[in-house]
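2 protein chains.
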Amino acid sequence: MAATKVLNASETEAAIAGLSALLGDRLTTSAALREAHGRDESWHPVMPPDAVAFATSTEEVAAIVRICAAHRFPVIPFGTGTSLEGHISAPRGGLSLDLSRMNRIIAVNAADLDVHVEAGVTRKVLNAYLRDMGLFFPIDPGADASLGGMAATRASGTNAVRYGTMRENVLNLTAVMADGRIVRTARRARKSAAGYDLTRLLVGSEGTLGIITELTLRLYGIPEAISAGVVSFPAFEGAIEAVIETIQSGLPVARIEFLDEVQVAACNRYSKLSLPETPLLLVEFHGSEASVAEQATRFGEIAAAHGGGAFEWATKAEERTRLWEARHNALYASLALQPGKKGMTTDVCVPISRLAEAIKGTKDDLAKSRLVAPMVGHVGDGNFHLIMLVDPDNADDIAEARRIHDRMVTRALSLDGTCTGEHGIGEGKIKFLEAEHGAGVAVMRAIKQALDPLDILNPGKMLPY
Amino acid sequence: MAATKVLNASETEAAIAGLSALLGDRLTTSAALREAHGRDESWHPVMPPDAVAFATSTEEVAAIVRICAAHRFPVIPFGTGTSLEGHISAPRGGLSLDLSRMNRIIAVNAADLDVHVEAGVTRKVLNAYLRDMGLFFPIDPGADASLGGMAATRASGTNAVRYGTMRENVLNLTAVMADGRIVRTARRARKSAAGYDLTRLLVGSEGTLGIITELTLRLYGIPEAISAGVVSFPAFEGAIEAVIETIQSGLPVARIEFLDEVQVAACNRYSKLSLPETPLLLVEFHGSEASVAEQATRFGEIAAAHGGGAFEWATKAEERTRLWEARHNALYASLALQPGKKGMTTDVCVPISRLAEAIKGTKDDLAKSRLVAPMVGHVGDGNFHLIMLVDPDNADDIAEARRIHDRMVTRALSLDGTCTGEHGIGEGKIKFLEAEHGAGVAVMRAIKQALDPLDILNPGKMLPY
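Taken in sequence, the protein lines are chains A and B.
Note that my numbering has the first sequence beginning at 662, numbered continuously upward.
Note that my numbering has the second sequence beginning at 662, numbered continuously upward.
Please note: incorrect hints may appear among the correct ones.
If several chains are the same, the list does not tell them apart, and a pair holds so long as it fits within one copy or across any two.
To be verified - Restricting the straight-line Cα-Cα distance to at most 20 Å, the calculated cross-link-like pairs of lysine to any residue (SDA-like) are:
id : residue 1 : residue 2
1  : K1092     : N770
2  : K977      : T1071
3  : K785      : N764
4  : K1021     : A772
5  : K977      : V953
6  : K1092     : D1025
7  : K1021     : L1076
8  : K933      : N990
9  : K785      : G803
10 : K785      : E898
11 : K1092     : R845
12 : K1003     : A966
13 : K977      : Q909
14 : K1092     : V844
15 : K1092     : T1071
Hints are computed from structural coordinates only; laboratory data are not their basis.
Bound-form chain A, shown alone (with noise of 0.2 Å):
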């Protein structure tokens, strides 16, 4: 790899000069634009890029990546900045490169159950285009994320457990290189076994092997049906053994939420809801009005047989709606407990038979801490999070967080577990990357050396150096 380069000023100037030349009015550093690029919706520090650059098509993006890589100024490509691990930030300067203006949704295939867009349309835009035609593509992280940060963050969310990651429904992108290359990955076809998988090699690269400006993603067809409901429980294993069961069982749930009682109780005062403060799952079924009812009636028994009290079912749209709202604000929730403080947000995936463990662990450290921190997981896929509330000024609570922290991604690698199960890398949890990964680094780094030999493409993430 490319030793750290650091930018003299001329190069920088060059660059910003190269790029305000192409760009006009698009190019700027101004300060409060470079400041709110530099920041996404985690506890990491404010990195300012150099200048922001706001792209309008594939073509426009490779000529500033060519732009860019003549003077080896880093190039960081920006969606909504709704990461959680400081993927978006400029620790070597360099430029942003916010696509949110390549927002076309270029054609809806219905037939085939595909969309092909540009990067930075939104899930929700795009969601609010296909209702009208009976579709919608289900990857929800929560927040309204661009599709390209998506993929670049191989996203994933509430309706993973049947729906699949981005890493499952995405068909195809269009990247820039770092050289301004322009690449299509794919075909539109539902399966290739033509070539190295590019889209699936990008797809989860954080923006440091190509920009994605370009995909064509999965459709699904909007339910027939839907379903959902709650179940408490007087303490968490009930709960796990309970998800552990239904996905055992093959039900085809698609959703099955867990939050424990600290989550439910901000939720509770957030979103004016009086759920009972216990442990609780929330689920979701799609279906035919007749698979919805069974697959309901199924994991009602199932609950019930792991301590779970009464069901609460929501089957119209509203009251859906209302509980997951209160899911989707869990985070604004959990800050809320404790105005002023931030929320140190992590994740962690583990095989689902060790959930159990993993969060028992981590509940075990918060009983002897003084700091609170809501839980909350996509328990079907064995992927949890942890929002930790501390005040960024007071050094304890910083180190404390850490604490946990680290304790909690460790037990999760031990029990045979992920890192992060849909945060990314960014440059949070660099440390934790061998110690995943190990001889898979360098076969990592070598990929990155080859693709990026300037080391241009969102420098400074992923991979430790």
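Here the structure of chain A is known, so what remains is to put chain B in place on it, guided by the hints.
Just chain B now, kept in the frame of chain A:
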């Protein structure tokens, strides 16, 4: 890419001597074994390796690769030899590394629905082992292939429409890289956002980036109920329309196979069936008793609306087995049509909205040709196969088959499809890789160069030089 290396005799001798010292009688240069290892099930010519090694562990594979690397001796991984595009031949000599003795099923994690196996375990052996636990591994390419080989070629088959391909069903794999390093690509978590997706990079890499020695695969519960049935159509168009509507309606069909009238006739003769000799769909549904019944009813309605005839159900296991055995024996049934001829087998995959067009183009070509060529397809994915019967010693047969083949592939690409849905590139489709991937081929080549700089892993396959 390193220039093609022609081995000199002393290097070959030195490599074989080193391997022989390591492996004893598990290294052989017997002509019969070399011949058997230079041949797959395709029409491609036999190109035997210089030697064959039978490995027994990942560590031993690493030691073998280190010896081969020291002498720049090609290494060609071999599972069961059931590939279809010349993947396992040895155009530059070298070692066929037979993994069939690495056949341990290491651990079934029933709660997590996964299994850790050595690469030489075949899918039928695995499924026989799992049956009593109520579990199965769905990927079914027809042949009783090794699971390592199936991963290496990104295999799929009849169940892919419901369960995905090897791409979606490998949780992690252990691979020996070109320098002998052992990499485990991921943990056992269902999803991860930690680093580049080395699992998916190796799945489908056809032995050119690393040698897959172990895998963790996703499992599924054996469905409570399975039903299968056949429905005939007067012409293929109605069958394809029925497929499109089935997929679009979200019906979770587990298998939906198309056989053209030539293939049906061949199956009738070979498998002693009495199906009407017109195009047909063979379908299977998995689920609860109630959901299977519901799916079957809905499919019956869809088929009828597109001109399908009476729907014949086979809910009994024996009847189902008989039908699916006939489907699985389609290749042998086809070969039996003209004894003495060989089957030039190929596959393409297109978006299903373009499937009728793709099929019609090839049927029209065949109508004007003297070749007999049954057609069969995993049409829920837009994937279909052609088995052209040719006399390998008849240059006219070969030329005619190549012409139809080229037109079929070129047509698939023009319909935004892929040159191969599931057979892979091997040596048979190298010439189409550039047409399909354009600038992507340079990216693939850069990755190959970075990970196998001496070009010893299955050289001469997949990538054009």
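Results for each hint:
no., hint, in the structure
1, K1092 x N770, "neither (42 Å within a copy, 29 Å between copies)"
2, K977 x T1071, "neither (42 Å within a copy, 50 Å between copies)"
3, K785 x N764, "within (12 Å within a copy, 48 Å between copies)"
4, K1021 x A772, "between (46 Å within a copy, 18 Å between copies)"
5, K977 x V953, "within (13 Å within a copy, 27 Å between copies)"
6, K1092 x D1025, "neither (24 Å within a copy, 59 Å between copies)"
7, K1021 x L1076, "within (13 Å within a copy, 53 Å between copies)"
8, K933 x N990, "within (12 Å within a copy, 62 Å between copies)"
9, K785 x G803, "within (10 Å within a copy, 41 Å between copies)"
10, K785 x E898, "neither (34 Å within a copy, 37 Å between copies)"
11, K1092 x R845, "between (32 Å within a copy, 18 Å between copies)"
12, K1003 x A966, "neither (39 Å within a copy, 59 Å between copies)"
13, K977 x Q909, "neither (28 Å within a copy, 25 Å between copies)"
14, K1092 x V844, "between (31 Å within a copy, 19 Å between copies)"
15, K1092 x T1071, "within (11 Å within a copy, 47 Å between copies)"
The structure fails to meet hints 1, 2, 6, 10, 12 and 13 from the earlier list, while all remaining hints are met.
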